[in-house]
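Participant: Which chain is which? The protein sequence lines are A and B, in order. Quick note, the numbering used here runs 15 ahead of the 1-based positions in the first sequence. Quick note, the numbering used here runs 15 ahead of the 1-based positions in the second sequence.
Note that these hints are calculated values from the structure, not bench results. Honestly, I wouldn't trust all of these hints.
Since the list gives no way to pick out one identical chain from another, each pair is judged satisfied if it fits inside one copy or across any two copies.
As the list claims (entries may be wrong) - Taking lysine-lysine pairs in the DSS-like style, the calculated list, with each CA pair at most 30 angstroms apart, reads:
hint, residue 1, residue 2
1, Lys-110, Lys-140
2, Lys-140, Lys-181
3, Lys-331, Lys-457
4, Lys-181, Lys-458
5, Lys-457, Lys-110
6, Lys-281, Lys-331
7, Lys-171, Lys-337
8, Lys-171, Lys-181
9, Lys-181, Lys-457
10, Lys-331, Lys-139
11, Lys-140, Lys-337
12, Lys-377, Lys-140
13, Lys-139, Lys-171
There are 2 protein chains.
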Amino acid sequence: MIIDSDVRALGELVGSENVSTRVADLEAHAIDESWFKPHPADVIVWPSSTEQVSAVVRYAYENDLPIVPWSGGSSLEGNPVPIHGGILLAMYRMKSILELREQDLQVVVQPGIIYDDLNAQLGKKGLFFPPAPGSSDVATIGGMVSNNSSGMRAVKYGVTRNYVLKLRVVLADGTVITTGSNAKKTASGYDLLGLFVGSEGTLGVVTEVTLRLVGLPEKIAAVVASFESLREATGVVYDSISGGLDPSAIEILDTATIQATNQQQKLSLRETPTLFVEFHGNEAAIDEQLEYLREICEDHACLNFEQATTTDTRIKLWTARKEARESIKNAHPGATLISGDVCVPMSKFADMVDFVHDLGEKEGLIIYAFGHAGDGNLHTEAIVHREVSGEYEHALEATAAIVNHCLEIGGTSTGEHGVGLGKRQFMQREHGASLDIMRTIKKALDPKGILNPGKIFPEE
Amino acid sequence: MIIDSDVRALGELVGSENVSTRVADLEAHAIDESWFKPHPADVIVWPSSTEQVSAVVRYAYENDLPIVPWSGGSSLEGNPVPIHGGILLAMYRMKSILELREQDLQVVVQPGIIYDDLNAQLGKKGLFFPPAPGSSDVATIGGMVSNNSSGMRAVKYGVTRNYVLKLRVVLADGTVITTGSNAKKTASGYDLLGLFVGSEGTLGVVTEVTLRLVGLPEKIAAVVASFESLREATGVVYDSISGGLDPSAIEILDTATIQATNQQQKLSLRETPTLFVEFHGNEAAIDEQLEYLREICEDHACLNFEQATTTDTRIKLWTARKEARESIKNAHPGATLISGDVCVPMSKFADMVDFVHDLGEKEGLIIYAFGHAGDGNLHTEAIVHREVSGEYEHALEATAAIVNHCLEIGGTSTGEHGVGLGKRQFMQREHGASLDIMRTIKKALDPKGILNPGKIFPEE
Numbered sequence: 016m017i018i019d020s021d022v023r024a025l026g027e028l029v030g031s032e033n034v035s036t037r038v039a040d041l042e043a044h045a046i047d048e049s050w051f052k053p054h055p056a057d058v059i060v061w062p063s064s065t066e067q068v069s070a071v072v073r074y075a076y077e078n079d080l081p082i083v084p085w086s087g088g089s090s091l092e093g094n095p096v097p098i099h100g101g102i103l104l105a106m107y108r109m110k111s112i113l114e115l116r117e118q119d120l121q122v123v124v125q126p127g128i129i130y131d132d133l134n135a136q137l138g139k140k141g142l143f144f145p146p147a148p149g150s151s152d153v154a155t156i157g158g159m160v161s162n163n164s165s166g167m168r169a170v171k172y173g174v175t176r177n178y179v180l181k182l183r184v185v186l187a188d189g190t191v192i193t194t195g196s197n198a199k200k201t202a203s204g205y206d207l208l209g210l211f212v213g214s215e216g217t218l219g220v221v222t223e224v225t226l227r228l229v230g231l232p233e234k235i236a237a238v239v240a241s242f243e244s245l246r247e248a249t250g251v252v253y254d255s256i257s258g259g260l261d262p263s264a265i266e267i268l269d270t271a272t273i274q275a276t277n278q279q280q281k282l283s284l285r286e287t288p289t290l291f292v293e294f295h296g297n298e299a300a301i302d303e304q305l306e307y308l309r310e311i312c313e314d315h316a317c318l319n320f321e322q323a324t325t326t327d328t329r330i331k332l333w334t335a336r337k338e339a340r341e342s343i344k345n346a347h348p349g350a351t352l353i354s355g356d357v358c359v360p361m362s363k364f365a366d367m368v369d370f371v372h373d374l375g376e377k378e379g380l381i382i383y384a385f386g387h388a389g390d391g392n393l394h395t396e397a398i399v400h401r402e403v404s405g406e407y408e409h410a411l412e413a414t415a416a417i418v419n420h421c422l423e424i425g426g427t428s429t430g431e432h433g434v435g436l437g438k439r440q441f442m443q444r445e446h447g448a449s450l451d452i453m454r455t456i457k458k459a460l461d462p463k464g465i466l467n468p469g470k471i472f473p474e475e
Numbered sequence: 016m017i018i019d020s021d022v023r024a025l026g027e028l029v030g031s032e033n034v035s036t037r038v039a040d041l042e043a044h045a046i047d048e049s050w051f052k053p054h055p056a057d058v059i060v061w062p063s064s065t066e067q068v069s070a071v072v073r074y075a076y077e078n079d080l081p082i083v084p085w086s087g088g089s090s091l092e093g094n095p096v097p098i099h100g101g102i103l104l105a106m107y108r109m110k111s112i113l114e115l116r117e118q119d120l121q122v123v124v125q126p127g128i129i130y131d132d133l134n135a136q137l138g139k140k141g142l143f144f145p146p147a148p149g150s151s152d153v154a155t156i157g158g159m160v161s162n163n164s165s166g167m168r169a170v171k172y173g174v175t176r177n178y179v180l181k182l183r184v185v186l187a188d189g190t191v192i193t194t195g196s197n198a199k200k201t202a203s204g205y206d207l208l209g210l211f212v213g214s215e216g217t218l219g220v221v222t223e224v225t226l227r228l229v230g231l232p233e234k235i236a237a238v239v240a241s242f243e244s245l246r247e248a249t250g251v252v253y254d255s256i257s258g259g260l261d262p263s264a265i266e267i268l269d270t271a272t273i274q275a276t277n278q279q280q281k282l283s284l285r286e287t288p289t290l291f292v293e294f295h296g297n298e299a300a301i302d303e304q305l306e307y308l309r310e311i312c313e314d315h316a317c318l319n320f321e322q323a324t325t326t327d328t329r330i331k332l333w334t335a336r337k338e339a340r341e342s343i344k345n346a347h348p349g350a351t352l353i354s355g356d357v358c359v360p361m362s363k364f365a366d367m368v369d370f371v372h373d374l375g376e377k378e379g380l381i382i383y384a385f386g387h388a389g390d391g392n393l394h395t396e397a398i399v400h401r402e403v404s405g406e407y408e409h410a411l412e413a414t415a416a417i418v419n420h421c422l423e424i425g426g427t428s429t430g431e432h433g434v435g436l437g438k439r440q441f442m443q444r445e446h447g448a449s450l451d452i453m454r455t456i457k458k459a460l461d462p463k464g465i466l467n468p469g470k471i472f473p474e475e
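If we strip away everything but chain A, and leave its shape as in the complex, we get:
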């Protein structure tokens, strides 16, 4: 428990104007975009440098206080919710681009910079950081590193972990380390980078990130294709990926998601299962791929195959896809969304989609399904009216059934949202004995258990 003297001491470390125990501040950092019960920290600290982060973490270490980094707050699994109170490190004021090394296709940033803001700056130099999280206007690079986030473009470009070259990290006792290299590849020692990426603030607090960048594509093309059934749509995904197509995105939306999208985004898409497909490349390569995709779609009795002919149309369509969750949310005012994020091997994707739909029908629940089909990553949103007795528990059970089915067919409980609070219960089943190794590492790096406690590991 934090006491007045702690608040004063923290004020001495970062300036008292950067420390708050006001209820409004505590409440603003008590829950992310997930459906869990909010829990406030005892105190919010806004650091502005690695040195300040180090000083605050050291204070937490010496005084056995929980300390939880928070950046965009757009996560979906309760990842930065301070469920044990303590200090919340609000990282979002540390949002500078420290160095853009165009010549090496690298950028060094602070963790609080927002994904879209970073790409806006990089775009001026013809560069971008590809993993494209859904909430790109809120999600920060620090949050993406913590959760190993990705999104629509992972199918071509990979996930955040594939782009992190170097990290500055404050460890549990306040020690500052730099790990990684500016070289594009290395075989030097243990891969600490990979370990910190996706550790959700439980092993250290990231204060600087060096990212590898990619040149903007010469051309972008987008297609919307509608199908009679989900089976035909998933068939196209499977044939495309296994046939060697290289889309920069291949997204699926079920009928209900298309309906919500039409309604909220003022579109008039045909209300059947739909694929959004995007290609990056040069003109010749894209034309060849578009033609191949059209053939595959025709083989699957495509109802409609429409290429976005203008940049405006393309952007409008992709915004609609990106806003799918928002559209669903707005279509059910006052309802709670229980989000799923399963990811399965490609050949099991159709099975996974069918399972979700059958389950919704069988259980009489509204469950939307959409996602990054090319990676086998399916998002679900179960709609819950908390005022209806039992519906919340019912939807939670259904979401758990989806995860369990996913694990049964060789998938993972989370493709890109991380474990946070929401997936802890599946860790033992998913990882078996290797969960003990994760615990061993957690204990070795954070012996007092002060860093974002209660996350990833099922509480004992």
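Please build the complex by placing chain B on the supplied structure of chain A, with the hints as guidance.
Facilitator: Below, chain B without anything else, positioned relative to chain A:
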């Protein structure tokens, strides 16, 4: 020290015919392709299953015996040399393809399978595992996983770590874990996969590997281009990569390497600094890239730009490149080669190449330079006649100077060969405080220090 009762006990675990203390066997596993002093194990064990590996490791654990996995023996840094004796686990009989999941672009293999053998099998299905180590006819998947190996194709396709989806690992006490998922991406818990890949057998013994695969390209094109100077050649590399070309290989060979290659491979390449460039893709995309490359080469006063017009020529040229180290070796019979493997950010590659050449001249040493230019990965071979007093030490000093310069300009001491014995002395400088974290992890996972002792970490 191993005693007779140990040998008998090991025989009971794996069958006495699979245990040997014969001098010839010990000598055959006493040194890899590096220049270090051979050191024999006390006993060689050839396991044939995960269960046997587990039993042998548990025996080592209970009896405090060093245990070192060995597969292809083609490493270049002494990575599997049993410098503290003990048990050598010869993994190369475990070389089966356990499951090819074509539909998911995945294969499950045992660690002893040779890279070329695996790709020969995969090729029949139109698939391949891209990282292309130089010694692909000897290197095993297990060794590649241990050292996070790569090679010529990493510039387009990435390194071994990027392809490992799942591992079965025997831990220090004999416990068997499976880590990773069959899904293409995951954000579930700590990245143990990344940690085991590149840990050189110091954290566990890998007994099964699930790899992500890639479809074979529709077309391959190759170009050889010669230049007046190394500066012009490195200029082409820089302009190509920063200009967005996407070669599947872009290799540099200095004049001396070309001379050795001509001589040993019966070629008549122009004896000046040379680039070998390869493209994978569809016809249209490749043609566009070839044209762009030609323009860049012309801007750098290219002396010769030749496209391999037949598959035979292309394969002959690439074999010549792959055999560069072998050619150098054969050009200096009886000499020792001291190999370097530095990797620097792209903008520093020209500087690195110049440094090596100036150093060779200044020091009066023969130092060949060639490598994976598109990744900034430069290999050097310093030629040493051990009978010439002081030459060995002189060449070692020069190789150390190359690494130190590399670290000074933001590079890594090893791009793809791993640390082994050869790069241990640079770990403190390269990693600083994060080396302590690596030590903490080593200690947590292998508290008795029995797994491949003496590697990666400078001995205290």
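Participant: Against each hint, give a clear statement of whether it holds in the structure.
Facilitator: So, going through the hints one by one against the coordinates:
Taking the shortest alpha-carbon separations for Lys-110 and Lys-140, only the intra-copy value of 19 angstroms comes in at or below 30 angstroms, while the best inter-copy value is 48 angstroms. For a Cα distance limit of 30 angstroms, the shortest separation of Lys-140 from Lys-181 inside one copy, 21 angstroms, qualifies, whereas the shortest one across copies, 38 angstroms, does not. Taking the shortest Cα distances, Lys-331 and Lys-457 never come within 30 angstroms of each other, neither inside one copy (44 angstroms) nor across copies (51 angstroms). Proximity of Lys-181 and Lys-458 under a CA criterion of 30 angstroms is satisfied in both settings, with 23 angstroms inside one chain copy and 24 angstroms between copies.
For a Cα distance limit of 30 angstroms, the shortest separation of Lys-457 from Lys-110 inside one copy, 28 angstroms, qualifies, whereas the shortest one across copies, 34 angstroms, does not. When the C-alpha separation of Lys-281 and Lys-331 is checked against a cutoff of 30 angstroms, the pair qualifies only within one copy, where the shortest distance is 10 angstroms, while the shortest distance between copies is 60 angstroms. For the identical chains of this complex, Lys-171 and Lys-337 are neighbours both inside a copy (17 angstroms) and across copies (29 angstroms), given an alpha-carbon limit of 30 angstroms. Within a single copy, Lys-171 and Lys-181 get their C-alpha atoms as close as 22 angstroms, and across copies as close as 20 angstroms, so both meet the 30 angstroms cut-off.
For the identical chains of this complex, Lys-181 and Lys-457 are neighbours both inside a copy (21 angstroms) and across copies (21 angstroms), given an alpha-carbon limit of 30 angstroms. In this assembly of identical chains, the alpha carbons of Lys-331 and Lys-139 lie at most 30 angstroms apart only when taken from the same copy (22 angstroms versus 43 angstroms across copies). When the C-alpha separation of Lys-140 and Lys-337 is checked against a cutoff of 30 angstroms, the pair qualifies only within one copy, where the shortest distance is 25 angstroms, while the shortest distance between copies is 36 angstroms. For the identical chains of this complex, Lys-377 and Lys-140 are neighbours neither inside a copy (52 angstroms) nor across copies (40 angstroms), given an alpha-carbon limit of 30 angstroms.
When the C-alpha separation of Lys-139 and Lys-171 is checked against a cutoff of 30 angstroms, the pair qualifies both within a copy, at 22 angstroms, and between copies, at 25 angstroms.
Consistency with the previously given hints fails for numbers 3 and 12, ordered from lowest to highest.
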